[in-house]
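Keeping their order, the protein sequence lines are chains V and Z.
Per my numbering, residue 22 is the first one in the first sequence, and the count goes up by one each step.
Per my numbering, residue 6 is the first one in the second sequence, and the count goes up by one each step.
What the hints contain is simulated information worked out from the structure, not anything from laboratory work.
Incorrect hints may appear among the rest.
As the list claims (entries may be wrong) - Listed next, the in silico SDA-like pairs over lysine to any residue satisfying Cα-Cα at most 20 angstroms (straight line):
1) V:Lys202 / V:Ile245
2) V:Lys490 / V:Ile245
3) V:Lys103 / Z:Ile182
4) V:Lys103 / Z:Ala191
5) V:Lys554 / Z:Leu43
6) V:Lys554 / Z:Ile182
7) Z:Lys50 / V:Lys490
8) V:Lys389 / V:Val480
9) Z:Lys50 / V:Ala552
10) V:Lys278 / V:Asp441
What follows is the residue order along each chain.
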Amino acid sequence: MTMIEERGSRRMLLLTAGLLLTGILVVANVLASRFFLREDITAEKRYSLSEPAVRILKRLKDKVVVKYYVSNTESPALQQLKRETIDRLIEFQMASDGNFEFEVIDPEPDPDLQKTLKDRDIVPVTWPLPTKSGVEFANGYSAMTVNYLDKKVDPIQPYMDLSRLEYDLLRRVLAVTQDEKPVVAMYAPRPDIPPHMMNPMMMPQDEFAGLPDAFKENFDVRRIDLKEGSSIPKETKCLLILKPKELKPRQRYEVTKYIAEGGNAILCLPRYSIGSRMFFGPLAEEIKTGLEEDLESWGVRIDPEVVCDASYRRSAVAFMSAGKVQIAQPPTAIMVSGSNLNQDSFITMRMSDVPLPWSAPIRIDEAKAKAAGLTITPLARSHAATWLLHLPLEADGLRKIPSKKEELKPQQILACYIEDKFPFAFNDKPAPKWEKDKDSHSPDEDKDKEKDKDKKDDVEGPPTKIQSKEGRVVLFSTADHLNLTNLQVDRLGIFGSPYERAMYMVYNALEGFTLGDDLIKIRAKHYEERALKPLEPNEEIIWQAVLVGAVPLAVAAFGLIRWLIRRQARVLYEKRFAGGGTGRLAGTEPAKGGGQA
Amino acid sequence: MRATWVIFKREFGAYFNSTIAYVFAIVFFLTVGGVYVLFMFREGKADMRLFFELLPWFFIWLVSGVSMRLWAEEKKVGTQEVLLTLPVTSLQAVMGKYLGALAFMLLCLALTFPFPLSLYLLGTPDWGPIIGGYLAAVLVLAMFLAIGAFFSSVTQNQIVAFILTALVLALLSLAGIPPVYSNIMAIQREVGEFVRWVAVTYHFGNIARGIVDSRDVIYALSLAAFFLYLNVAMVEGRR
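Could you build the full structure based on these sequences and the hints that come with them?
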């Protein structure tokens, strides 16, 4: 073979190898885009499905289909979200053993689909679109629906936050795959209508009448009267008690028995009633809920005092006066925010601020709680600048804002979460009898009843024996955050939507209680904020100097030393060979006959 | 293998005698150090995410400077012919030089150790994203250097090699900037998507956050392999 032929054959081989390599690389990248491995190496597995999420997915019995409606806009934020979301949905799919599927759909080219989506309130939202001239905005879909059999659940719309995907999606998956909506029993005494009340405008309002409707999408909220024939339904997953006034023994028995048997409850127990005459006459007077004794046995006490704090300028309360909604900003319009909301609890985590107006201070007796075997976690605290007002409260009392630091009682607990085995005061005792309806007997009968109070026939049946199970209670010292009149303030748009957030907080609790522990764990997933420790200005300068200068200086010094060594070696080399001598090190005797370079 | 090792040792050692290599390395350290402290103290967070996100931009300078002499100098001085007459294949020569340069740059990368050390002393960093960031940096270096080595082999002028490498690496990095690919997408969607896929920043954002994805690793290795092949082809063409 001649040299030219050999070269030609080598080139041919090179070309073939090149084509083969290019082909392999293209195929490898195409295959890699479909079958890929993804390893989350963050300490908290920040970008992976959590164990509770995997458990929920593995429990799926039928196919759930998630439809991810996403536009192909040029917005980098949306494209990045799309890529990461699809990756995450693949993880959902892999963890589900085949019962979780997803479709990625771009609704833009299909007007019919857009119309169908609009009927479900799924509409495009704006996304930033960087351009040469700055940032513009482009409309794009990003929403998800969870489809299971013919059941519907509220869509994730707009879907913009990957960190919430796991919770938002699995909440819906759990809600939609349940056979029936979880039952929430709600007890909120209906207002007393004074006899001969003629003017309907002056009639007291039923503040909580609209709550069942507000939660009906995901819960079967049943309003109960806590009386014979209208007690807590057996299938109740959560009991919601709002503003009770002096519960009768049998009502107290029913409530505490439900909790001691491992029930979940949200107790909103104000310690004072608020008059409608905001600035005239007595405004707030002490009331008793009838559960004080039980709270004491759990290690908590709600003091009959009015909490005021410096956050009130960001919130307002609504009240009815002469049939009209009035809005005011008394210092009782507490807005709990920032670190005063427990970010580790599934109820309050990720919430920026929540109004808890007309609250009372909750005192926790840790020793008593521990002795009872309960764990109590504060959920919300008032502002650092908090002061307390004693009852009864005159309207002008609200104007007394303390000027001295000594009068401040910072960070009063306004809500807490209690869990574990609750003691039951009626254990080994027969159940008290139900009280008869007010309407069905005369005031004289009430007097007779008072006299017979201690008689044995106030109880019925054999002694109650229950084995306490782990229950959970969320305790608020107010019910005004769920007062629907306050939601009207939200709709006026003056202070944003703080009362909607209060509803959301209760929704979180309901959801956590009814959809299972795994969802609570996912909700409670949080990541450590890894901040640098604060430094003094001079320390910071030293750090900066070391970090910027140390390595370049060391490299420069190393280079210089190396250059000097090499230079010396070169000089020696030149001395040895250019001058014909044997060369010598500095300070050594020249060899005989050696010359100078 | 032995031939590759010999060339590797010679190439790696040569960097320690090259004033230009020291200049490029010192400027690199000063720049990354300055940017690191700026973000570290401004953000107050014990992480290096921003540092790793910006690192490909600093590598443009370092890689272009280090790789420009790989082949261009040999050609200019005339030692390439000597090298190619030795009993080494083009692949061995290319790999020996490439690995020598890569080892030098990995040493430069290792000398950024005071940054994670400072985080350890001043906070409690999550080591996952930091390890991921360094892994991403190694992949970017391997990829960039293969490109630099190729451009060094196409010319005998080191400045031309520097400019060509810097230009191509800058384009690869710029392609991941949203206005660039989104404007292309607006004209031709498929082209825009390809441009974004080619971009270094598109692939290495994830690793810097702490997610090692086989797609990103395969992308980097593919590009490195492709340019190394071109480099071998160039050298072989001169035999």
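Pairwise hint evaluation, Ile245 (chain V) against Lys490 (chain V), where the allowed Cα distance is 20 angstroms at most: Between Lys490 (chain V) and Ile245 (chain V) the Cα gap is close to 24 angstroms, so the pair fails against 20 angstroms, i.e. violated.
Straight-line alpha-carbon gap Lys554 (chain V) to Leu43 (chain Z), limit 20 angstroms: holds (16 angstroms)
Proposed proximity, Ile245 (chain V) with Lys202 (chain V) (alpha carbon, max 20 angstroms): Given pair Lys202 (chain V), Ile245 (chain V) holds - Cα atoms ~17 angstroms apart, limit 20 angstroms.
20 angstroms Cα cutoff - pair Lys278 (chain V), Asp441 (chain V): Given that 20 angstroms is the threshold and the Cα spacing comes to 14 angstroms, the pair holds.
Restraint check for Lys389 (chain V) with Val480 (chain V), where alpha carbons must lie at most 20 angstroms apart: violated (29 angstroms)
Pairwise hint evaluation, Ile182 (chain Z) against Lys103 (chain V), where the allowed Cα distance is 20 angstroms at most: Answer holds: Lys103 (chain V) to Ile182 (chain Z) is near 17 angstroms, not above 20 angstroms.
Agreement of Lys50 (chain Z) and Lys490 (chain V) with the hint, judged by alpha carbon distance not exceeding 20 angstroms: violated (44 angstroms)
Pair hint outcome, Lys554 (chain V) versus Ile182 (chain Z) [Cα-Cα no greater than 20 angstroms]: Cα-Cα ~33 angstroms, so violated.
Hinted pair Lys103 (chain V) and Ala191 (chain Z), Cα distance within 20 angstroms: holds (18 angstroms)
20 angstroms Cα cutoff - pair Lys50 (chain Z), Ala552 (chain V): holds (4 angstroms)
Checked against the numbered hints listed earlier, the structure breaks hints 2, 6, 7 and 8; every other hint is satisfied.
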